[in-house]
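Asker: Produce the complete structure using the sequences and hints provided.
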Amino acid sequence: MSLGHGLSEMQRLQELWRSRLMCLYEAGRYHKVALLDLYLEALDPELYNSRLSNQGCDSAKDRSLLSNNDKLFKLQKAEVTNQVIRKIRDLPAAKLSQLLKSWERLTKGTMEVHEKIMELQSQMVSEDVKSHKAELTDISKRHINRRCLNVEKDACTSNDKAVTLAGQMIRDTMQPIECIPFHELICFKDVDNLQSVKFPDFHSRHDRSQ
1 MSLGHGLSEM
11 QRLQELWRSR
21 LMCLYEAGRY
31 HKVALLDLYL
41 EALDPELYNS
51 RLSNQGCDSA
61 KDRSLLSNND
71 KLFKLQKAEV
81 TNQVIRKIRD
91 LPAAKLSQLL
101 KSWERLTKGT
111 MEVHEKIMEL
121 QSQMVSEDVK
131 SHKAELTDIS
141 KRHINRRCLN
151 VEKDACTSND
161 KAVTLAGQMI
171 RDTMQPIECI
181 PFHELICFKD
191 VDNLQSVKFP
201 DFHSRHDRSQ
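With the UniProt record's numbering, the residue at position 73 of the sequence shown is 73, and numbering never jumps.
By construction, these hints were calculated from the structure, which means they are not laboratory data. Watch out, some of these pointers could steer you wrong.
Claimed, not checked - Derived BS3-like pairs (lysine-lysine); straight-line CA-CA distance at most 27 Å:
(1) Lys95 <-> Lys161
(2) Lys116 <-> Lys161
(3) Lys95 <-> Lys32
(4) Lys108 <-> Lys161
(5) Lys87 <-> Lys116
(6) Lys161 <-> Lys87
(7) Lys108 <-> Lys95
(8) Lys116 <-> Lys95
(9) Lys101 <-> Lys161
Stated by the list, open to error - Listed next, with one range per pair, are the computed distances between beta-carbon atoms:
(10) Ser8 <-> Ala94: 37 to 43 Å
(11) Leu35 <-> Asp90: 17 to 23 Å
(12) Asp90 <-> Leu3: 42 to 48 Å
(13) Glu104 <-> Thr157: 16 to 22 Å
(14) Ser2 <-> Asp90: 42 to 48 Å
(15) Glu9 <-> Pro45: 30 to 36 Å
(16) Gly4 <-> Ala94: 44 to 50 Å
(17) Glu9 <-> Arg89: 32 to 38 Å
(18) Arg86 <-> Arg18: 21 to 27 Å
(19) Ala34 <-> His5: 35 to 41 Å
Bear in mind the structure is a predicted one, so any value in this text is a computation, not a measurement. Each residue gets a CB set at the ideal place from its N, CA and C atoms; glycine is no exception.
Answerer: In structure tokens:
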């Protein structure tokens, strides 16, 4: 990889990383999750490596990061991130719709994920229209109960898709800095500040202890 291409790719990944982190934070705000906690977990290279290894262990049927039985959650240690994504499944339709609007705004410029979010939004609108029509046409109590079950089923489908989408965003773009090519340029751009820090002299401490 050439230096120019590497720098361009690094900048692209940084933008993706920021937007995905903020998407998680928007989901976590409903449960008062701190941005710093998500940030620290996102920077952990061990968690990222575990995600990569988990992809090879799953069958083709449940290869996504987040399966319905939370299998991969148990294999990982990202407690805060896992908590946020699990809670997406429990969001009521109104809050899920608000969350998707936030994700749509945060992912502008990244077409693949942005299109999936808009597709999910369209699905929710379609489900809402269908439930409204059913509400107007169903007369008997039996029909009303059946409609309620269908609405609940559709809502679960939308929530599950949002959970899967969140998992894909983390798996595909939430790379720690050490995993990005040419990351040394980022690590050393504040070298002057690092040099101004007074680190303890471990050699002299070792000599005094002898």
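Asker: Is the Cα-Cα distance between Lys95 and Lys32 27 Å or less?
Answerer: This hinted pair holds, its Cα atoms lying about 14 Å apart.
Asker: Regarding the pair Lys101 and Lys161, is the alpha-carbon distance no greater than 27 Å?
Answerer: Since the Cα atoms of Lys101 and Lys161 sit roughly 15 Å apart, the hinted pair holds (cutoff 27 Å).
Asker: Return holds or violated for the Cβ distance of Ser8 and Ala94 against the range 37 to 43 Å.
Answerer: Once the Cβ atoms are compared, 40 Å apart, the range 37 to 43 Å for Ala94 and Ser8 holds.
Asker: Quick check on a hinted range of 35 to 41 Å for Ala34 and His5, using CB atoms only.
Answerer: holds, 36 Å
Asker: With the threshold set at 27 Å, check whether the alpha-carbon distance from Lys87 to Lys116 stays at or below it.
Answerer: holds, 20 Å
Asker: Using the beta carbons of Leu35 and Asp90, state whether their distance is inside 17 to 23 Å or not.
Answerer: holds, 21 Å
Asker: Are Lys116 and Lys161 close enough, with their CA atoms no more than 27 Å apart?
Answerer: Between Lys116 and Lys161 the Cα gap is close to 10 Å, so the pair holds against 27 Å.
Asker: Can the restraint linking Lys108 and Lys95 be considered satisfied, given a maximum Cα separation of 27 Å?
Answerer: holds, 20 Å
Asker: Given the hinted pair Lys95 and Lys161, is their Cα-Cα distance within 27 Å?
Answerer: holds, 15 Å
Asker: Can the suggested window of 42 to 48 Å be confirmed for the beta-carbon pair Ser2 and Asp90?
Answerer: For Asp90 against Ser2, whose Cβ atoms are near 47 Å apart, the range 42 to 48 Å holds.
Asker: Taking the beta carbons of Gly4 and Ala94, is their distance inside 44 to 50 Å?
Answerer: holds, 47 Å
Asker: Quick one, are Lys161 and Lys87 close enough, alpha carbons at most 27 Å?
Answerer: holds, 13 Å
Taken one by one, the earlier hints fail for this structure only at number 15.
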